[in-house]
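Those sequence lines, one after another, are chains S and D.
Heads up: the first sequence runs through residues 1 to 154, numbered per my numbering.
Heads up: the second sequence runs through residues 1 to 107, numbered per my numbering.
None of these hints come from the bench; they were simulated from the model.
Just so you know, these numbers come straight off a predicted model, no measurement behind them.
Quick reminder that beta carbons are idealized off the backbone N, C-alpha and C, glycines included.
Heads up, a few of these hints could be off.
[Claimed, not checked] DSS-like cross-link-like pairs, simulated, lysine-lysine; straight-line CA separation at most 27 angstroms:
1. D/LYS74 - S/LYS13
2. S/LYS13 - S/LYS114
3. S/LYS4 - D/LYS46
4. S/LYS53 - D/LYS104
5. D/LYS46 - S/LYS114
6. S/LYS66 - S/LYS13
7. S/LYS31 - S/LYS66
[To be verified] Pulled a few chain S residues facing chain D out of the computed Cβ check, cut under 10 angstroms:
8. LYS13
9. LEU16
10. ILE18
11. TRP42
12. LEU115
13. LEU126
[What the hints assert, rightly or not] From the derived model, a few chain D residues whose C-beta atoms are all more than 10 angstroms from chain S:
14. THR15
15. ARG17
16. ALA24
17. SER25
18. ALA32
19. ILE33
20. VAL44
21. GLN61
22. GLY63
23. ASN71
24. ALA72
25. ASP90
26. ASN94
27. LEU96
28. GLU97
29. TYR103
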Amino acid sequence: MEQKTKISAEDGKQELVITREFDLPLELLFKAYVEPEIVEQWMETKVLKLENKKHGSYQFETTDVKGNQYGFNGVIHEFSPNQKITRTFEMENTPFAVQLEFLEFEKLTDDTSKLHMHIVYKSVALRDQMLQLPFAQGINMAHNRLQDIVSKLK
Amino acid sequence: MNLRRDVFQAIADPTRRAILLLVASQTMTAGAIASNFDTARPTVSKHLQILTECELLKQEQNGREIYYHINAKKMKEVADFIEPFRKMWDDRFNKLETIMKKYKTKK
Chain S
1 MEQKTKISAE
11 DGKQELVITR
21 EFDLPLELLF
31 KAYVEPEIVE
41 QWMETKVLKL
51 ENKKHGSYQF
61 ETTDVKGNQY
71 GFNGVIHEFS
81 PNQKITRTFE
91 MENTPFAVQL
101 EFLEFEKLTD
111 DTSKLHMHIV
121 YKSVALRDQM
131 LQLPFAQGIN
141 MAHNRLQDIV
151 SKLK
Chain D
1 MNLRRDVFQA
11 IADPTRRAIL
21 LLVASQTMTA
31 GAIASNFDTA
41 RPTVSKHLQI
51 LTECELLKQE
61 QNGREIYYHI
71 NAKKMKEVAD
81 FIEPFRKMWD
91 DRFNKLETIM
101 KKYKTKK
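Assemble the whole structure, with the sequences as input and the hints as a guide.
Next comes the structure, spelled out in structure tokens:
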């Protein structure tokens with residue numbers, strides 16, 4: 001089966017492109033990015049602020065199962081309904097530098113649409129680190145699970 | 001309890017990458033590997049230990065000697081290192097799609 005979400009990350013470049021085709025009309029896809037209560041559901045985060053306009057800003061807060069809180073924020077540079085959003089994205093209290101995101105929304109048919117997300121990082125090394133983050137988290141999660149099981153055996 | 005070593009941290013080191021390249025061509029003993037480098041033998045041993053711990057290399061006892069060979073399966077995982085990142089976005093977007101399909105029918 002063909003993968004619906006594709007990532008293109010060329011070697012030695014500080015950017016990457018994520019594309020995804022949705023079985024949704026363009027308007028609904030775009031709505032999922034601008035309605036705070038919908039963003040909260042699919043991004044699994046709390047939306048503290050989301051100003052969908054040029055020079056607007058947004059602020060998210062995610063709490064993990066252990067109660068640790070992680071903040072994310074950014075500034076919106078361009079906002080064209082059903083077309084594009086250009087924004088920055090920053091993880092608070094981490095050494096990771098801010099990244100620039102170009103989101104383009106495209107109508108394919110009346111019932112299908114496409115998202116093109118172009119992310120630019122501060123450096124090649126940082127991009128590679130961000131790509132590896134879910135992998136590292138996966139290892140840590142597996143490790144924590146193991147630790148939980150082991151501590152119960154004691 | 002030791003934290004499992006990070007595979008990417010392991011291959012971030014140029015000496016360790018060189019070791020992997022060497023061993024990829026043929027199974028070798030620690031001594032044979034060390035003879036290819038100017039660095040001290042214990043340093044090479046440490047690199048071998050790290051590569052073995054994160055399962056990029058496998059040890060095989062042959063008589064008195066320990067031979068190192070490449071763990072092809074693990075190396076493939078490294079080649080696919082983008083996959084967890086892709087999967088993360090794919091899961092998110094699948095969720096978005098499901099939510100918005102319901103949203104559509106609600107209207």
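> If you check each hint against the structure, which ones fail?
Replying inline: 3, 5, 6, 7, 8, 13, 25, 26, 27, 28 and 29
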